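> Chain by chain, the residues run as shown.
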Amino acid sequence: MSVTNSSRYLAGLCVAALGLCTGAWLVLTPFAFGYPDRGRAAVTALATGGGLAVVCGVALACWAVLWRRKLRADGVLAARQSRRSRRSARRQERAERLVAASRQRELDTAPDPAQVLTDLRSLLTPLLTEGGVTLVPPPASEAEPLPEEPVTEMTEEPVTEEPVQVPGHLRDTRSAAFFTPRPADGLLRGAELLMVGTGEEEAW
Amino acid sequence: MVNRVAMVALVVVFGAGGWLIAAPFVLRFQPSGAHWTGASRMDVLVGAVLAVAGFAGFFVALAGRVREMYQDSRR
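First to last, the sequence lines map onto chains A and B.
Following our numbering, the numbering of the first sequence begins with 429 at its first residue and continues without gaps.
Following our numbering, the numbering of the second sequence begins with 1149 at its first residue and continues without gaps.
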């Protein structure tokens, strides 16, 4: 960036401003000095002054625009945000507001864990019974006490089919381990199912 | 485009100055050989100022533009 380059824009601005002032002065002179009405001198001054003022106004704007462009290109002025990027920024803000609002609403209307568990069980029961897997019985608080048989059944039967994906449950080692036969963790499995159903798997 | 308009406006300022100097004699509201009227004196004075300013401004702007072009070609 060179400072001397700005002399060009400064000269243009000065000449345009001088022309604007001179044009205004020429328009005023017939009235100020009492030129003969409709005389050639008055008409010349008015016409020339008016035209000069208009041209110099345009020139002033042009030189100002050019100088600002130059300053932006040199990094003196901050780059102006285009209309498109402003629009996208507004959209982004609106989307963030919507996401925040929906998050808040979700927290307000959190599902009842017992209801979710009941629904989940009713959905999973046909799937698991079709595949030869017995569903983990409901917790003791909701239904009759946990019988011993289903757990032993699962331990006896080798799981040969592909693992069943519980809705909302990620397919990873933990979810695979959920279906592997382990004799002593029937209650744990029930608890895990409860956590999956209530959406608190991460915390667990 | 804006650059050209700005440069042309400087030329117009110079032209307006020249016109204001010549107007009293071209339009004959200043008879030759007679004492100069106030209007003629004002027009010639203002025209001279405008012509000088327009001339100087145009060439300063042109020189600046040429310098910018040299700098751009060196990059």
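Worth flagging that the hints you see were computed from the coordinates, not collected in a lab.
It should be emphasised that the depicted structure is a prediction, and the values quoted were computed from it without experimental measurement.
There could be a bad hint or two in this list.
Claimed, not checked - Looking from chain A toward chain B, a few residues come up when the C-beta cut is under 7 Å (computed):
#1 GLY447
#2 CYS449
#3 PHE459
#4 LEU480
#5 TRP495
#6 GLN543
#7 VAL544
#8 THR546
To be verified - With beta-carbon atoms standing in for the labels, derived distance ranges:
#9 A/ALA492 x B/TYR1218: 21 to 27 Å
#10 A/ALA489 x B/ARG1213: 16 to 22 Å
#11 A/ALA492 x B/GLY1163: 43 to 49 Å
Positions of the beta carbon are idealized from the N, C-alpha and C atoms, including for glycine.
> Give a verdict on every hint.
Now the hints, each set against the structure:
1. GLY447: holds, 5 Å
2. CYS449: Because about 10 Å separates A/CYS449 from the closest Cβ in chain B, which is outside the 7 Å limit, the hint is violated.
3. PHE459: violated, 13 Å
4. LEU480: The hint holds - A/LEU480 has a Cβ within 7 Å of chain B, the shortest such distance being about 5 Å.
5. TRP495: This hint is violated: A/TRP495 lies away from chain B, its Cβ roughly 10 Å from the closest one there, beyond 7 Å.
6. GLN543: violated, 69 Å
7. VAL544: violated, 66 Å
8. THR546: violated, 72 Å
9. A/ALA492 x B/TYR1218: 21 to 27 Å: Holds - the Cβ-Cβ distance for A/ALA492 and B/TYR1218, about 24 Å, lies within 21 to 27 Å.
10. A/ALA489 x B/ARG1213: 16 to 22 Å: holds, 18 Å
11. A/ALA492 x B/GLY1163: 43 to 49 Å: Hint violated: Cβ distance 22 Å, outside 43 to 49 Å.
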